[in-house]
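Participant: Put chain B on the given structure of chain A with help from the hints.
Protein chains in written order, with my numbering: chain A, 1 to 115; chain B, 116 to 228.
Each hint can be trusted.
Now the in silico label distances, taken between C-beta atoms and shown as ranges:
hint: 1; chain 1: A; residue 1: G3; chain 2: B; residue 2: G174; range: 15 to 23 Å
hint: 2; chain 1: B; residue 1: N145; chain 2: A; residue 2: L39; range: 25 to 33 Å
hint: 3; chain 1: B; residue 1: N145; chain 2: A; residue 2: S73; range: 23 to 31 Å
hint: 4; chain 1: B; residue 1: E130; chain 2: A; residue 2: T38; range: 26 to 34 Å
hint: 5; chain 1: B; residue 1: K141; chain 2: A; residue 2: N51; range: 29 to 37 Å
hint: 6; chain 1: A; residue 1: T20; chain 2: B; residue 2: T135; range: 38 to 46 Å
hint: 7; chain 1: B; residue 1: N153; chain 2: A; residue 2: Q84; range: 22 to 30 Å
hint: 8; chain 1: A; residue 1: E52; chain 2: B; residue 2: R156; range: 25 to 33 Å
hint: 9; chain 1: A; residue 1: F74; chain 2: B; residue 2: V159; range: 15 to 23 Å
hint: 10; chain 1: A; residue 1: R64; chain 2: B; residue 2: A125; range: 31 to 39 Å
hint: 11; chain 1: B; residue 1: R175; chain 2: A; residue 2: R64; range: 42 to 50 Å
hint: 12; chain 1: B; residue 1: N145; chain 2: A; residue 2: T38; range: 20 to 28 Å
hint: 13; chain 1: B; residue 1: A193; chain 2: A; residue 2: G72; range: 42 to 50 Å
hint: 14; chain 1: B; residue 1: I208; chain 2: A; residue 2: I26; range: 18 to 26 Å
Computed, partial: chain A to chain B, Cβ under 7 Å:
hint: 15; residue: Q41
hint: 16; residue: G42
hint: 17; residue: P43
hint: 18; residue: F45
hint: 19; residue: Y48
hint: 20; residue: T103
hint: 21; residue: F106
hint: 22; residue: G107
hint: 23; residue: P108
hint: 24; residue: G109
Simulated from the structure, these hints should not be mistaken for laboratory data.
Every residue gets a Cβ at the ideal spot worked out from N, C-alpha and C, and that includes glycine.
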Amino acid sequence: DTGVSQNPRHKITKRGQNVTFRCDPISEHNRLYWYRQTLGQGPEFLTYFQNEAQLEKSRLLSDRFSAERPKGSFSTLEIQRTEQGDSAMYLCASSSMTLPGETQYFGPGTRLLVL
Amino acid sequence: SQQGEEDPQALSIQEGENATMNCSYKTSINNLQWYRQNSGRGLVHLILIRSNEREKHSGRLRVTLDTSKKSSSLLITASRAADTASYFCATLISSGSARQLTFGSGTQLTVLP
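With the rest of the complex left out, here is chain A (with noise of 0.2 Å):
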């Protein structure tokens, strides 16, 4: 256990229908990350937040996508009208500036499948 939570830790939905996935990051960290995985594939990096600045996003995150991160602590991921190709394990890791190199503590993971 990193210390990093994800909630759900799985969620069915139907095409269409919208879904939203929690994280809550280390208590001390200001750097809050967003990856998804596919299966037999590394995470690809979506989102990255400073405190409640959401300073980069990826070509992946489409307009469907949308993260905030309201008081610099938890985060959420909503998708909007859901694809059967959003199905993935979608992963939030945490960091501090201060960590050696940055180092990134992850959490388990939501696994969505869209039916």
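Facilitator: Using the frame of chain A, we list chain B on its own:
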């Protein structure tokens, strides 16, 4: 896009043997990190090596980095069945505000008891 490529994609060894996994990447990096992932779980950070370092050890792990060849290797000595997992290399390229890790596609290691 995947920056790193691990080799081999899958590796099966007997308990007690050493396991070596290789990673190649494409662009200049600040550091390279190795992560482990058990099936269906999150990633666990194993070791980080900076771009100005050539070798690093942590317990049964040994990592090397060759920036001229843009490659790294992870050696696990005296492997155990519990080492069975997927291993990923990830590169950090810090540019301005960017802090993303770029992962390879991983090596699936199976250690047979």
